[in-house]
Amino acid sequence: MGERFVVVPVDGGVRVAVEGVHSDAVVSDPATDTGSSTTGGGTVDDREAGEDSVFEPQDPDAVVPILEYNREPNKYGDGVPKENSPFINNTDIDKGNSYDGTNMALFEEEMDSNPMVSSLLNKLANYTNLTQGAQEHEEAEEDEGPKKKAVKSPQMGTFMGVYLPCLQNILGVILFLRLTWIVGTAGILESLAIVALCCSCTMLTAISMSAIATNGVVPAGGSYYMISRSLGPEFGGAVGLCFYLGTTFAGSMYILGTIEILLTYIVPKAAIFVAEKKEDEVDALLNNMRVYGTCCLALMSIVVFVGVKYVNKLALVFLACVILSILAIYAGVIKTIFEPPDFPVCMLGNRTLQNHNFDSCLKTEVIGNLTITTKLWKLFCDGPEFNATCNDYFNNNNVTSIQGIPGLTSGVISDNMWSVYGPLAMMVENKNLSSFGGSDPAQDIYMPYVVNDITTFFTLLVGIYFPSVTGIMAGSNRSGDLRDAQKSIPIGTIMAIATTSFIYVTCVVLFGACIEGVLLRDKFGDSVKGNLVIGTLSWPSPWVIVIGSFFSCCGAGLQSLTGAPRLLQAIARDGIVPFLQVFGHGKANGEPTWALLLTAGICEIGILIASLDAVAPILSMFFLMCYLFVNLACAVQTLLRTPNWRPRFKYYHWALSFLGMSLCLALMFISSWYYAIVAMAIASCIYKYIEYRGAEKEWGDGIRGLSLNAARYALIRLEEAPPHTKNWRPQVLVLLNVDSDQGVKHPRLLSLTTQLKAGKGLTIVGNVLEGTYLTKDAEAKRAEQNIKSSMSTEKTKGFCHVVVSSNLRDGFSHLIQSAGLGGMKHNTVLMGWPGTWRQSNDPQSWKNFIETVRETTAAHHALLVAKNVDGFPTNQDRLGEGTIDVWWVVHDGGMLMLLPFLLRQHKVWRKCKMRIFTVAQMDDNSIQMKKDLQMFLYHLRLDAEVEVVEMHDNDISAFTYEKTLVMEQRSQMLKQMQLSRTEREREAQLIHDRNTASHAAINDKAESGPEQVHMTWTKDKLFTERNRNRECNANVAVRDLFNMKPNQSNVRRMHTAVKLNEVVVNKSQGAHLVLLNMPGPPRNRGGDENYMEFLEVLLEGLNRVLLVRGGGREVITIYS
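Here our numbering is used: the first residue of the sequence shown is 106, the next is one more, and so on.
With a cut-off of at most 25 Å between alpha-carbon atoms, the simulated DSS-like pairs for lysine-lysine come out as follows:
id, residue 1, residue 2
1, Lys930, Lys900
2, Lys1036, Lys1172
3, Lys893, Lys865
4, Lys480, Lys468
5, Lys480, Lys634
6, Lys1018, Lys1035
7, Lys881, Lys893
8, Lys900, Lys793
9, Lys483, Lys634
10, Lys755, Lys592
11, Lys374, Lys483
12, Lys1012, Lys900
13, Lys893, Lys850
14, Lys1012, Lys865
15, Lys483, Lys382
16, Lys634, Lys468
17, Lys902, Lys1016
18, Lys634, Lys536
19, Lys1018, Lys865
20, Lys793, Lys902
21, Lys1172, Lys1016
22, Lys483, Lys468
23, Lys1012, Lys793
24, Lys634, Lys382
25, Lys865, Lys902
26, Lys382, Lys480
27, Lys468, Lys536
28, Lys881, Lys850
29, Lys893, Lys1012
30, Lys1172, Lys1035
31, Lys930, Lys865
Bear in mind the hints are in silico, worked out from the structure with no lab data behind them.
Given the sequences, and given the hints that come with them, work out the whole structure.
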């Protein structure tokens, strides 16, 4: 009978047994076999006999057990969902509620890891992304009461939630204070180019950001969250901190803009520092900015600390100020067509004069019948008299008054089309007016001319203008407040950028068409009695713009001081930058107090710079770097075609993202190449710091996907052909043993690997556990963790591979065959010498060793066997003057030459010298051998001392003969002991079988014939016979041992081992390391134990030895 689940409301009369169950419940609605089902509350059909029912009571008054959903949204201490959870709000508590009932009993053991679909859907339904702002004190207190506030579902649409916040963040201080000056200095055409560059950059970034923001939910953290989860913790931390610094310096810029408006246009008399001389005016202004800016910063910080909700409530007021100001500009432009405003600009020759200390733009004026000198005369002459000594340029040129705003139809647009760049203190001149007489720069600086306060050039203006297009992240930062974030963010952001781009383009053209060029280039409005230049154009009054821009800058500054600490708090709580973790804490209501203090401190640095034009390029760098990585994240995800990359916003392309990324990079260097280098250096340092400290975060980022793709591509390329001899380096498989607690037995093997590899090439550390994987999986994981820990301690960079096998022999065989992937497979095996093989009762230990040697040879792998490996130096040791001795007996590819060279690259062995010994036979010319070897090493570019050791075919000594005899006798005794053990086991089995047979015969009561009785074994009889046979065999075995003669082949081998050992010990006993050709195992497996004896004799008396077997190919070449 099929069943389906429906959601039905529980009637008010029904009493629910479980306290706290909500009104929505899931009950079972059994459907009929024909597919029909009841609806609504429904009745329960009769069931077949013997079928279990979920509802035991059938009467309507019975308590109905229902499947409870936990509707309490889970929050962690920091409000950030755990990253390692497959669900958004997953907790350990939920695991208890994830399974209820017996319908799925078949799966109940897996419920912890594989919850029911209903639990999954419940967690997704309960996800609430709260706004980025913190709770207020009173809200926190109310939440602690018995009745908690219900979380309101987000209701903001595209217009209120994205469009207007972006508009408010984009339009700001630069538009009101600097855009007219940029148009006048760069000209209309170049200003349009600047606007087009910056707006294209933000538009392309917005397209990439829309794709990322609609690829799943973006919690608090905005752009930081997007970048870190797309590009990984290293990039995320670096760019997140850059974005934080950019937002903080933006706060500085807005505060400086606020103070500039206050002191220059609203209350100039409030200045504390007043310049007595004209040349001191700039310094006085900067000092005033520093004092007032610091006070303003302190006041704003207190406001943010006391209550963020006041800032949020005032946001609408600030936005209204911005919109009204822009409307006033457009209204003023339209009015200039019919009635241009009267703002005369006084010109001396073609130079613009500061109109602060005189009323009329005349040298002399007639009052009554008297001609008297004006205040202007006194500024250029040393007295009011007509015969006073005056400035030469003043004498030679007339004073004229021109209209500052001639109007839209005046044709002034043609004069403002081209740029007028110039150095510091260059006078603002109108080229259309005549000018006579030379100027005296020494005197001109004291005259009331309007001059450039900074050196101007195109790239500087780009850096100053760019902050006016930032703020595009405002919508994505508020994704939790949106009714449909996936739809609103792309539409709202792109529409806001389109709107502001239209405003900027039209303003550039209209400013150039309405305002005289000299007034445009007058940054502070000195020629129009200190009025804000853009204010002179507005209607109905300049004060509309002044007041509007003042409140706009105030609001933007407050919002920067509100947003930046929360961004820092989000980074700190992610735990990827350890030294920032203190800034993750705050007040009880979540307010980031410490982060606010740091933000205010950094903001103060910008205020001490004091110049809006100097601060703007700094924050341009940080914002551009952030936008660059947003574009990179989108491009990487698109090119990788990650399965999880499914943005709802479809109008993106990787080429657009790359174009945006390139534009960001270009703008960084265009604005200020040295600031760009500093910003990139800061980001790189943070990146390397996070990487060095080990960012233990797995966010499914694109860089990891990119690494996988690159690795796959490289592995496929490596498969095409084996590496050339010049590229050959040991790719090592280290065979480690662990103790009963899964601890590493010989960590010096890892030290040796590190010294040999120096972080280059492939290292695989393998281990085999005996047993089955089902029973040993926990031990395998523990062993892997311990090995990784040892690798980290010994600084061994590589991979760990633990295999569980029914026996060690097969496990090591599997490792040698299958470790690695594709072209990245090992070509060298490193293992320790089984030093206790003689004391071991189990011969399997040394048999495993010999079989491993055979397998490496069959696999054409090189083999390194370290004897006394625990005596090898650690990575912290520094070996002094000494030697690495190479005993080159047979040539097997040049491994013996290459290994000392690689070891000497490491600081442990750097001071050691290399000595090469080779063995000359009776018929070899040892002198010629030495010359040839020296020439060979010269061509190999290896520095080493060469020595040829002569080993003549001496007669085999009695010592060698005796040693071989003892070896073979020992081997024979071990075989007898093994045979006795096997015999005892066979006898026990025989007794068991005879007893079983006798019992069976008695039970069957079969008649036994005489022959059967004669053949029946009793226990006493069996023991007697066994002892008699054993004594006989023992006597025979002892006689054989004392009468046996050693095998001649073994004698010859032992002779070689003894003689070579004598020579090596004589020459190299004091060496730091001895490298020696490792003889191959015998082809006849019966001589395996003798092979171990030969190696023991060969290595006797030596401290550190590395036995080397080549892999059957050349690994070193004389050719370049």
